[in-house]
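S.K.: Protein chains in written order, with UniProt numbering: chain A, 1 to 182; chain B, 1 to 182; chain C, 1 to 182; chain D, 1 to 182; chain E, 1 to 182; chain F, 1 to 182; chain G, 1 to 182; chain H, 1 to 182.
FYI, nobody ran anything at the bench for these hints, they're computed from the structure. All values reported here derive from a predicted model rather than from experimental measurement. Please note that the accuracy of each hint is not assured.
Stated by the list, open to error - Calculated cross-link-like contacts (lysine to any residue; reagent style SDA-like; alpha-carbon spacing at most 20 Å):
no., chain 1, residue 1, chain 2, residue 2
1, G, K101, D, A178
2, C, K101, E, P99
3, A, K101, F, K101
4, A, K172, F, D45
5, E, K172, C, D45
6, C, K101, E, K101
7, E, K101, F, K101
8, F, K172, E, A117
9, B, K101, G, D104
10, H, K172, B, A10
11, H, K172, B, G118
As the list claims (entries may be wrong) - In silico negatives: residues of chain B with every beta carbon more than 10 Å from chain A:
no., residue
12, P11
13, D107
14, D164
15, R179
For glycine and all other residues, C-beta sits at the position ideal for the given N, C-alpha and C.
There are 8 protein chains.
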Amino acid sequence: MTADTEMVGAPAPVVGIVMGSDSDWPVMREAARALEEFDIPYEADVVSAHRMPGEMIAYGQGAAARGLRVLVAGAGGAAHLPGMLASVTPLPVVGVPVPLKYLDGMDSLLSIVQMPAGVPVATVSIGGARNAGLLAARIVGTGSDELAGDVREQMVAFQAELRDQAHAKGVKLRDEVARGLD
Amino acid sequence: MTADTEMVGAPAPVVGIVMGSDSDWPVMREAARALEEFDIPYEADVVSAHRMPGEMIAYGQGAAARGLRVLVAGAGGAAHLPGMLASVTPLPVVGVPVPLKYLDGMDSLLSIVQMPAGVPVATVSIGGARNAGLLAARIVGTGSDELAGDVREQMVAFQAELRDQAHAKGVKLRDEVARGLD
Amino acid sequence: MTADTEMVGAPAPVVGIVMGSDSDWPVMREAARALEEFDIPYEADVVSAHRMPGEMIAYGQGAAARGLRVLVAGAGGAAHLPGMLASVTPLPVVGVPVPLKYLDGMDSLLSIVQMPAGVPVATVSIGGARNAGLLAARIVGTGSDELAGDVREQMVAFQAELRDQAHAKGVKLRDEVARGLD
Amino acid sequence: MTADTEMVGAPAPVVGIVMGSDSDWPVMREAARALEEFDIPYEADVVSAHRMPGEMIAYGQGAAARGLRVLVAGAGGAAHLPGMLASVTPLPVVGVPVPLKYLDGMDSLLSIVQMPAGVPVATVSIGGARNAGLLAARIVGTGSDELAGDVREQMVAFQAELRDQAHAKGVKLRDEVARGLD
Amino acid sequence: MTADTEMVGAPAPVVGIVMGSDSDWPVMREAARALEEFDIPYEADVVSAHRMPGEMIAYGQGAAARGLRVLVAGAGGAAHLPGMLASVTPLPVVGVPVPLKYLDGMDSLLSIVQMPAGVPVATVSIGGARNAGLLAARIVGTGSDELAGDVREQMVAFQAELRDQAHAKGVKLRDEVARGLD
Amino acid sequence: MTADTEMVGAPAPVVGIVMGSDSDWPVMREAARALEEFDIPYEADVVSAHRMPGEMIAYGQGAAARGLRVLVAGAGGAAHLPGMLASVTPLPVVGVPVPLKYLDGMDSLLSIVQMPAGVPVATVSIGGARNAGLLAARIVGTGSDELAGDVREQMVAFQAELRDQAHAKGVKLRDEVARGLD
Amino acid sequence: MTADTEMVGAPAPVVGIVMGSDSDWPVMREAARALEEFDIPYEADVVSAHRMPGEMIAYGQGAAARGLRVLVAGAGGAAHLPGMLASVTPLPVVGVPVPLKYLDGMDSLLSIVQMPAGVPVATVSIGGARNAGLLAARIVGTGSDELAGDVREQMVAFQAELRDQAHAKGVKLRDEVARGLD
Amino acid sequence: MTADTEMVGAPAPVVGIVMGSDSDWPVMREAARALEEFDIPYEADVVSAHRMPGEMIAYGQGAAARGLRVLVAGAGGAAHLPGMLASVTPLPVVGVPVPLKYLDGMDSLLSIVQMPAGVPVATVSIGGARNAGLLAARIVGTGSDELAGDVREQMVAFQAELRDQAHAKGVKLRDEVARGLD
């Protein structure tokens with residue numbers, strides 16, 4: 001898998017976004033979008049802990065050598081993918097609890113976050129793939145190469161923009177209230 | 001591992017009891033005890049999904065060929081062992097949610113029982129290792145060899161004994177009540 | 001009931017799929033479908049613990065003698081069917097927590113899985129009838145007759161197919177990502 | 001069982017207190033104590049849904065004919081006893097969720113209270129055996145015989161006593177506060 | 001309220017069905033329907049613990065004297081109505097946890113069932129108003145007057161009918177399965 | 001922000017309603033409506049703990065000096081706004097748990113109510129913005145100025161109206177029942 | 001009760017601390033302690049919603065006229081006291097969920113916080129009586145009399161002291177770390 | 001604070017471990033221990049979101065400029081510290097849910113992990129401070145300086161050691177079982 005997951009002609013990915021099934025993609029795409037906003041090269045793939053355990057382990061074991069710096073893994077229910085990857089790579093693994101039809105993702109959350117001592121997973125909120133991408137960006141930004149510097153700079157700008165958007169919402173709300181409640 | 005997990009001179013094990021750490025043994029021992037009551041040969045081992053993922057997968061992949069008919073796996077917290085084994089063996093896997101310090105085993109239960117379609121785990125109650133052993137015995141009893149026949153017979157006797165014990169408790173309680181509440 | 005639950009002209013069923021009401025059938029049908037994929041003869045019936053307790057107990061008590069090897073029982077809410085059957089048969093009983101209108105099946109799950117020592121139920125995920133069928137197939141596959149051998153062989157092929165499907169999904173996802181996010 | 005559960009020489013019991021094991025007696029004894037306070041004759045027995053299902057059903061089926069008016073059933077975990085009894089008797093069944101080692105009785109509560117339409121169980125609080133006894137007393141008090149009249153009268157006095165005790169506690173607390181906090 | 005809640009020309013009600021708001025009526029109507037099936041005269045009213053506490057207490061205090069034998073009270077969220085009524089009447093009070101927009105009725109259930117020692121509420125399932133009506137019928141049936149005798153007889157017939165309906169569903173399901181899964 | 005959040009020409013606001021995003025406004029508007037019913041001047045604004053932490057703290061620190069007497073803060077998920085405001089103002093802060101897409105607001109509730117000793121938040125029900133406004137009104141009504149007196153008087157009238165509305169619903173329900181169930 | 005709950009010779013209480021039983025006092029005493037720190041006169045009493053409903057309602061109805069400005073009510077399990085008081089007084093009511101033997105106070109919390117629209121309770125954390133006292137102090141501090149002014153001033157000092165204590169803990173911790181981990 | 005939190009003479013810290021109170025130190029110390037095993041310089045401090053919000057924000061805002069690469073923040077209950085720090089720093093923040101007296105840390109977990117889009121917190125298990133330290137180490141190891149290289153190398157060795165320890169436990173367990181169950 002190592003070969004064809006890299007996008008030819010593109011810069012080598014530094015973040016790997018993986019999920020147990022393509023049905024998780026509508027949730028996990030937000031992680032990819034966040035990374036694109038920060039110009040961080042990434043790859044995305046289906047790597048199922050339960051349906052292709054051998055390849056899953058190979059993916060994790062080879063991730064660091066292929067130049068990946070962070071893995072982002074989404075899974076639902078008895079969500080084993082993030083934790084299993086964390087057990088075979090020294091890279092930080094960000095886990096996204098994907099909510100399924102029942103239990104609102106509480107099973108996914110506990111299956112990802114409650115890892116035993118020795119094997120951490122950086123868990124984000126239920127369905128929180130955008131935050132997973134942003135967390136990966138923050139991690140990439142801790143480095144000392146050019147990419148890291150760019151990301152750090154952009155992150156500061158991004159946070160300022162969050163603030164400005166919230167300000168704008170406040171202006172709009174105050175206006176609306178000034179015109180009276182309907 | 002295949003070699004030294006078999007007890008030399010003993011009949012080949014048909015049930016494999018595995019757990020993520022020897023700290024699970026005080027809970028999981030009850031599965032072994034139940035199997036001994038039914039004279040079902042078993043092996044017990046530490047097979048950690050998170051600390052020795054390669055060996056864990058090898059254990060699961062080799063289990064059927066070594067003559068095992070059922071796996072019993074106990075794990076706590078983000079309990080991935082039963083599900084990961086189920087993904088690499090065609091054998092039935094019985095999962096025991098081991099309760100840890102917090103959450104009373106609810107995390108363990110959900111991490112084991114909420115498996116995706118395609119990869120079932122036969123989950124028993126929180127801390128229910130005795131029932132895991134009895135379930136393994138029932139499964140062994142579905143076969144058509146001599147061992148299966150013996151187990152079936154014993155299971156009927158076992159259930160009669162459960163009934164007799166409950167009867168005896170009733171007699172004792174009625175006596176106690178007849179003497180008056182303290 | 002013993003007579004007319006067998007499908008005349010068909011091979012004698014080895015798995016009995018039962019549920020408290022025909023309203024559970026849309027969920028439980030997936031267990032039947034899984035067994036058909038593995039060519040395992042089964043029967044399906046409404047056997048209510050609360051509405052026909054006498055027949056329910058008769059069903060469980062007669063199951064082994066009629067040649068059934070595994071029972072699959074689905075129930076919702078205060079789900080007593082799987083556990084009550086397990087108390088009157090030496091066969092392994094697979095329990096399916098059927099989600100009802102409220103609580104997302106958490107009540108069904110706990111009512112099925114938290115059985116007392118002595119009477120195990122092999123519990124699968126909430127609404128996980130397909131996995132119940134697959135677990136029954138794995139159990140049938142532990143035997144030493146021809147059916148068991150066939151099922152074991154098919155199970156290995158089934159697991160390879162799960163892997164291939166996941167691979168194909170990965171190819172599709174990588175293609176989609178390569179074309180750019182919408 | 002019908003014969004020896006009646007206390008010879010005592011008035012025929014009108015309430016049957018049953019539980020799955022004598023280990024539930026320390027909790028369930030409070031139901032008996034409450035009935036004794038109201039001079040309501042009762043019997044107490046071990047009747048296990050899972051260990052003696054046949055006798056359990058016989059107990060429920062014979063209860064009304066033996067003169068019992070209310071059943072009080074305590075059970076823990078996958079607590080099936082109250083609901084199964086309710087399915088074989090037209091009498092009101094009061095269910096007591098007995099807390100076990102894990103989950104604080106939440107599994108017991110849901111297994112008892114979430115009964116399907118048609119088969120009600122009058123559920124009281126987790127570990128609330130005293131209230132189960134008092135509820136049985138209230139039910140006995142709805143009748144038109146002498147016992148019912150006595151119970152109604154005592155219940156009014158009992159409620160007045162609850163009020164007086166609370167008053168006395170208030171006096172004591174105000175005194176304590178007047179002397180200053182330690 | 002005592003005067004106009006009785007239906008003129010009708011037999012005096014023996015069950016009072018009350019709820020905090022008429023928005024609970026679509027749920028609580030099922031309790032009324034169950035009582036009508038058993039020809040048990042009832043009254044239904046809005047009695048809010050939080051919006052008309054004085055009248056609520058008066059309703060409870062006067063209930064027994066007006067000839068009511070059982071109260072059925074439905075409430076949602078911080079559901080105080082059943083418990084407050086139970087504190088001012090010696091009659092048995094059946095509580096129905098009404099599910100609101102959030103939490104699936106778990107808040108209603110705990111607010112009703114977890115009553116302190118001394119003041120029991122007979123709690124049924126979330127949204128289980130039909131069972132509340134049936135439980136009230138069982139309680140009425142414990143008496144020794146003509147109505148009680150009629151109800152007891154009907155309850156036995158009702159339970160037989162539940163069994164017959166379940167049987168019929170089984171026939172239908174076996175037919176459907178015999179024709180093959182779609 | 002201090003300047004433009006005040007509505008020019010209007011009486012100085014005594015309650016500040018704030019929320020993390022304008023997407024909370026459909027919920028929080030009910031707090032504003034309740035205050036308008038009591039003629040209590042208020043302001044409403046977007047003040048995000050996570051997107052504009054500096055302004056959030058400034059808002060809280062300046063609130064008392066600007067004449068506000070109560071803050072009402074709504075937030076969802078990891079809802080930090082009410083607690084953070086409470087840490088920088090001596091005013092009472094009312095917290096409204098806003099339910100998000102998953103978990104029905106249970107995360108919001110716990111994030112708001114479980115404050116450490118020293119920094120209280122007056123938490124209302126999930127989505128309970130109307131009650132937050134009414135609670136703010138009750139608090140304003142504890143004062144000794146003219147506004148407080150007016151509010152106290154109106155609150156008594158408001159409670160009488162709640163009672164009258166409940167009465168009217170009872171009349172309507174009794175009528176409906178008298179005409180027979182459909 | 002109105003007469004003897006006032007402490008003779010002391011300033012008239014402005015906060016009423018009430019609880020369902022004196023067994024809640026070890027928790028609720030912290031509310032009293034907090035008020036004493038702010039020199040706010042208070043009274044404390046046992047007022048049980050379930051054991052003395054009539055007096056409970058009288059207490060709530062008379063509270064404002066007796067000069068109380070805030071009620072603090074603690075209760076556990078099906079905790080009805082805070083909500084019932086809130087329904088009969090226009091004063092703000094602070095509710096303290098008292099944890100009982102099971103469920104860690106989650107039942108108490110939901111029974112208190114999930115009040116219907118119209119009748120708010122200002123809920124604090126499970127066992128959070130100290131915060132209830134501090135919230136009452138903040139509410140008293142919103143007034144315009146001398147006591148209110150004193151409380152406001154002290155609250156600012158109190159918050160500064162919290163900060164200083166936290167600072168001191170930081171110094172101590174940094175020292176400890178500088179000496180090396182044990 | 002910036003000056004005295006650095007340990008004089010020691011290499012500049014790259015990880016900041018902070019907590020709301022020194023009572024969290026017994027839990028959080030495990031994060032420090034993990035970092036020491038990897039020779040990663042760190043600082044530890046009390047930084048309370050609720051008791052010293054100004055300094056908390058200053059700490060977060062200055063962290064990157066002082067050379068810190070990762071923040072590890074532990075908090076319990078309504079745990080706002082990790083999320084508030086994440087809102088004022090571009091660094092990755094690792095959150096440790098500290099369990100308090102009630103709710104087993106479930107409130108802490110949800111308050112930390114359920115962050116809104118835009119502001120991620122890398123959450124680890126309840127009480128999982130050791131994993132927080134290891135996650136910080138993995139993040140430091142993603143860089144390209146000498147420290148990062150050392151950490152990466154050590155992490156691989158650390159994972160091998162985890163495996164070896166698990167192996168050793170397996171040997172010990174197999175021995176114990178071979179000697180027979182007690």
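S.K.: None of the hints should be skipped; say for each whether it holds.
M.R.: Do the hints match the structure? See the list:
no.: 1; hint: K101/G to A178/D; result: violated, 29 Å
no.: 2; hint: K101/C to P99/E; result: holds, 10 Å
no.: 3; hint: K101/A to K101/F; result: holds, 13 Å
no.: 4; hint: K172/A to D45/F; result: holds, 9 Å
no.: 5; hint: K172/E to D45/C; result: holds, 9 Å
no.: 6; hint: K101/C to K101/E; result: holds, 13 Å
no.: 7; hint: K101/E to K101/F; result: holds, 13 Å
no.: 8; hint: K172/F to A117/E; result: violated, 36 Å
no.: 9; hint: K101/B to D104/G; result: holds, 15 Å
no.: 10; hint: K172/H to A10/B; result: holds, 19 Å
no.: 11; hint: K172/H to G118/B; result: violated, 35 Å
no.: 12; hint: P11; result: holds, 30 Å
no.: 13; hint: D107; result: violated, 4 Å
no.: 14; hint: D164; result: holds, 39 Å
no.: 15; hint: R179; result: holds, 48 Å
Comparing the model with each earlier hint shows violations of hints 1, 8, 11, 13; every other hint is respected.
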